[in-house]
Amino acid sequence: MSANPLSPEPGEEAHAGLQRRRFLGYLLAAPTLVAAAQLGEASVRAPKAAAAVNSAPQPAEVYDLNDMLTDAALPTSHLVSVQINRDGTASFEMPRAEVGQGITTSTAMLIAEELDLPVDKVHVTLADARPELVFNQLTGGSNTTVATYTPFRVAAAAARGRLLQAAAVELGGAVTDLTSRAGVITSQLGSISYAELAEKAASDRNQQVVAQLKPAESFSIIGKPQNRVDARDIVTGRKKFTTDLRVPDAKPTMICRAPTLNGKPESVHNLAEVRAMPGVLDVAVVSTGVAVRAETFGQCIDAIQAVRAEWKPGTAAGKSDETILRELKAAQLPLAVPKADPLAETVEAEFTFHFRSNSALETNCAIADVRDDRAEIWSGLKVPIKAQQMIAAQLGLPQNAVTVHVVEGGGSFGRKLFHDAAAEAAEVSKAMGKPVKLMWHRTDDSRVGRAHPMCVSRVRASFLGEEVLTYEQRHTSVATDFDHGLGEILTAMAGKLPPGNRTLAESIFDTTQQTGYHFGVTTQLLNEVDYGFNTGSMRNVYSPDVRCATELVVDQLAARTGKDPYEFRRAFLKDERAIAVLDKVAEEGEWGKRLPAGVAQGIAFHPEYKGFAAALVELDCRPETVNRPIRDGVTGPRVRKVTFAVDVGLPVNPRGLEAQMMGGINDGIALALTSSLHLEDGYFLEGSWDNYFYTRQWNTPPEMRIIVMPPTTGRPGGAGELGVAASFASVACAYGRATGTMPTSFPINHGTLAFEPKPTVPPVPQSPTNGLDHTY
Amino acid sequence: MPEHSFILNGEQVTVTAEDDVRVLWVLRDLLGVTGPKYGCGINVCKACTCHINGKAFNPCSVPISAIGEDDEITTIEGLAATSGRELHPMQEAWLEADVAQCGYCQPGQIMAAVAKVRQARAEGHEVGDADLDEIRNICRCGTYNRIREAIRAGAQNM
Chain W
18 MSANPLSPEP GEEAHAGLQR RRFLGYLLAA PTLVAAAQLG EASVRAPKAA AAVNSAPQPA
78 EVYDLNDMLT DAALPTSHLV SVQINRDGTA SFEMPRAEVG QGITTSTAML IAEELDLPVD
138 KVHVTLADAR PELVFNQLTG GSNTTVATYT PFRVAAAAAR GRLLQAAAVE LGGAVTDLTS
198 RAGVITSQLG SISYAELAEK AASDRNQQVV AQLKPAESFS IIGKPQNRVD ARDIVTGRKK
258 FTTDLRVPDA KPTMICRAPT LNGKPESVHN LAEVRAMPGV LDVAVVSTGV AVRAETFGQC
318 IDAIQAVRAE WKPGTAAGKS DETILRELKA AQLPLAVPKA DPLAETVEAE FTFHFRSNSA
378 LETNCAIADV RDDRAEIWSG LKVPIKAQQM IAAQLGLPQN AVTVHVVEGG GSFGRKLFHD
438 AAAEAAEVSK AMGKPVKLMW HRTDDSRVGR AHPMCVSRVR ASFLGEEVLT YEQRHTSVAT
498 DFDHGLGEIL TAMAGKLPPG NRTLAESIFD TTQQTGYHFG VTTQLLNEVD YGFNTGSMRN
558 VYSPDVRCAT ELVVDQLAAR TGKDPYEFRR AFLKDERAIA VLDKVAEEGE WGKRLPAGVA
618 QGIAFHPEYK GFAAALVELD CRPETVNRPI RDGVTGPRVR KVTFAVDVGL PVNPRGLEAQ
678 MMGGINDGIA LALTSSLHLE DGYFLEGSWD NYFYTRQWNT PPEMRIIVMP PTTGRPGGAG
738 ELGVAASFAS VACAYGRATG TMPTSFPINH GTLAFEPKPT VPPVPQSPTN GLDHTY
Chain S
-3 MPEHSFILNG EQVTVTAEDD VRVLWVLRDL LGVTGPKYGC GINVCKACTC HINGKAFNPC
57 SVPISAIGED DEITTIEGLA ATSGRELHPM QEAWLEADVA QCGYCQPGQI MAAVAKVRQA
117 RAEGHEVGDA DLDEIRNICR CGTYNRIREA IRAGAQNM
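Chains as they are written, first to last, in our numbering: chain W, 18 to 793; chain S, -3 to 154.
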């Protein structure tokens, strides 16, 4: 509950004993009240002061990827508006994509807070592609809440200020005598609801106003645990994903693909035969294969089984895990730092991280309705403007003739940064002249869909006595595809980046990687090879691998200097917030407790996205656990307990933050122990969830404790990816301690192929018919 | 084309489809019942889990011709009605624990959870860690730990 007028001048002022931050807002001409933020002047922010004691700051400590994304979004923040509806609710078309990370919920909270409305009265939907937003419609880098925390609230606060003004006119008296609560404005003279004010408060012209944000002390929603706004729709089956949408005549459509990665169709022998199959409506040869449109997806699968075609070779012909590993090792940048002291000793290690799939549970999918003069697309898209531009170019249409609807996604993990399915659906719809509901088969999603590139990380650290003098890391990776709009942002923000002729990927690496430790002269560099693969950012991008390598070397340094791994980290950590999360997990997770032989703890930390995370795990590597039988699944060592602490500066929704950490922990466990793609002769062997071993119930820790630290900075950091790196690293460290051997190849079970690979011709398996034999 | 009749969420339905079309596509593509999700098509991800005559099954791997007139198929849309309440206790437990993230696998998870609790009881015990470890439904968001919490809580009200 609070009362404040729109004020004439922006700035800071004390009011009623509380500091209210003031920003420029806009009222937009509309039938009911619509308000937006104006934040252009806030885009110049001083770089964080360097706080080096032993180590000079690494680039990511001064200006990181999140600063860049936030600054890129600011100039267009005034184009994002909150609307008050005639029923007293608020609507907000969010220019970001919900894919499970919980931003429809956290955004509803931000708006509800500033509007003094209950969260369930704020309807957050996803905006269509809006090219005028330029850089302000990219969902990635765990940046949504970092970038939008102020602009979204300012828009809501501007609306509330206007409602108060309108209420003062209606009720009589001064704005300062009014209070707003739960969508009703009250004075001693009476009360009036937002519903009654929605039209009265509307502006007949665009005008600038000053909006005042609540001080944190007055928050009643931000910082309190909030369940997801879409939870009820989810548990009742009502939540609609792309393939659940009913677009007239958009029939199920699938592609028969090549038996090699990115192979193209050369000739198809039996188009007429396929076209005549039951349920099949249309067949067309497109750039990626043979497209089939049918009454049901099952009949698309039947048709794919029947296609007889010749294929041109793919982009990874002849390549395998072994050839890529050689390619990576040959491309490693030299370790360059001279020996700091003739008496210094060194720790050296090299780690291999295999290809991994970021396939979400919802496979790549999109609906497209392409006509001669226009097109309409529906898909889960994190960079819809880029999708719109590219699809328009592909179809030969002007950009404004392509409408792109952003649909809530069934997971992303990096996948939905790209619009692969949308581009393909548009091509197929154009070729067939009909609307299509295109869905990738799981097997395609696993084998052809984008992957986290294979990489090698080489580390050398030197120490003398108790001092670490140097830390060098050379990360060599198969190229990561960032061609989803980040490039344009980087170009626009180039002046703010560290100097040097760095490639796009190197700049991403530079602006995200840091050791977080005072390890003297520190360099972490990326080099990339091989552009033949379908890659992309996978949740937390480079960090899980880079961090895993770092923390394993830290354990080695601790051992060589005779220190306890926890105490050693504590002594070298740069940031108080890092020490606090590490201390928290050490205390709550009982670091150093006695465990049976074969069971060990591992501890690790990770700083990123303006936040800090630490994980302490107990890993059971005893034979009876490792070899426990599970049908069509891998078991291996089991994490039996996780203690995790996270400090994001200001947790907007602690419940959602905890959920993101839980997901990150299960991802980290998968990266360390079980999940990878095997490349053999230009093709990935893993064809479904019975081959690709993401964490399952029988792998997940029976005991998990996630501690959300109290606010430290007053500003939210990123959450979606923060949980992965420390979890991965802590499991790897625990494995080293449990087995007595530092692991150097990940996941640790990659050397054993635990399944019979599915055929590549036909490219997708037929569905079984014996499902009734497995009821329970 | 053959006609197939069965009981779907308490109502007799009739649909025209080739005999070998899997039930998942009959539900989703022909009848517009989209709660059961596609995740693999080969009965390994379990995202499409529904009930047949009260037991969990995966319609991606059952041809429609295998379903008889008296067979009762329950999807997530019809689960609440089987409990005679606005929401099934398992759905309520899911809300209470705020299990879902993206939500794509969750209808299947809930249907599997209900069947798992019943299966454990039929075997004479309450659902425990060993039963939970047997659940094969994948959640790529990694909500497993809240799923475990919700199943234990939901079981108490079943």
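Worth double-checking, as some hints may not be accurate.
Residues on chain W that point at chain S, a partial pick, calculated with CB under 8 Å [unchecked claim]:
| no. | residue |
| --- | --- |
| 1 | 240 |
| 2 | 244 |
| 3 | 297 |
| 4 | 337 |
| 5 | 481 |
| 6 | 575 |
| 7 | 788 |
Keep in mind the hints are simulated off the structure, nothing from the lab.
Just so it is clear, the structure is predicted and the values come from calculations on it, not from any experiment.
Even glycine gets a Cβ: it sits at the ideal position worked out from N, Cα and C.
Evaluation of the provided hints:
no. : hint : in the structure
1   : 240  : violated (16 Å)
2   : 244  : holds (4 Å)
3   : 297  : violated (11 Å)
4   : 337  : violated (25 Å)
5   : 481  : violated (42 Å)
6   : 575  : violated (29 Å)
7   : 788  : holds (3 Å)
Comparing the model with each earlier hint shows violations of hints 1, 3, 4, 5, 6; every other hint is respected.
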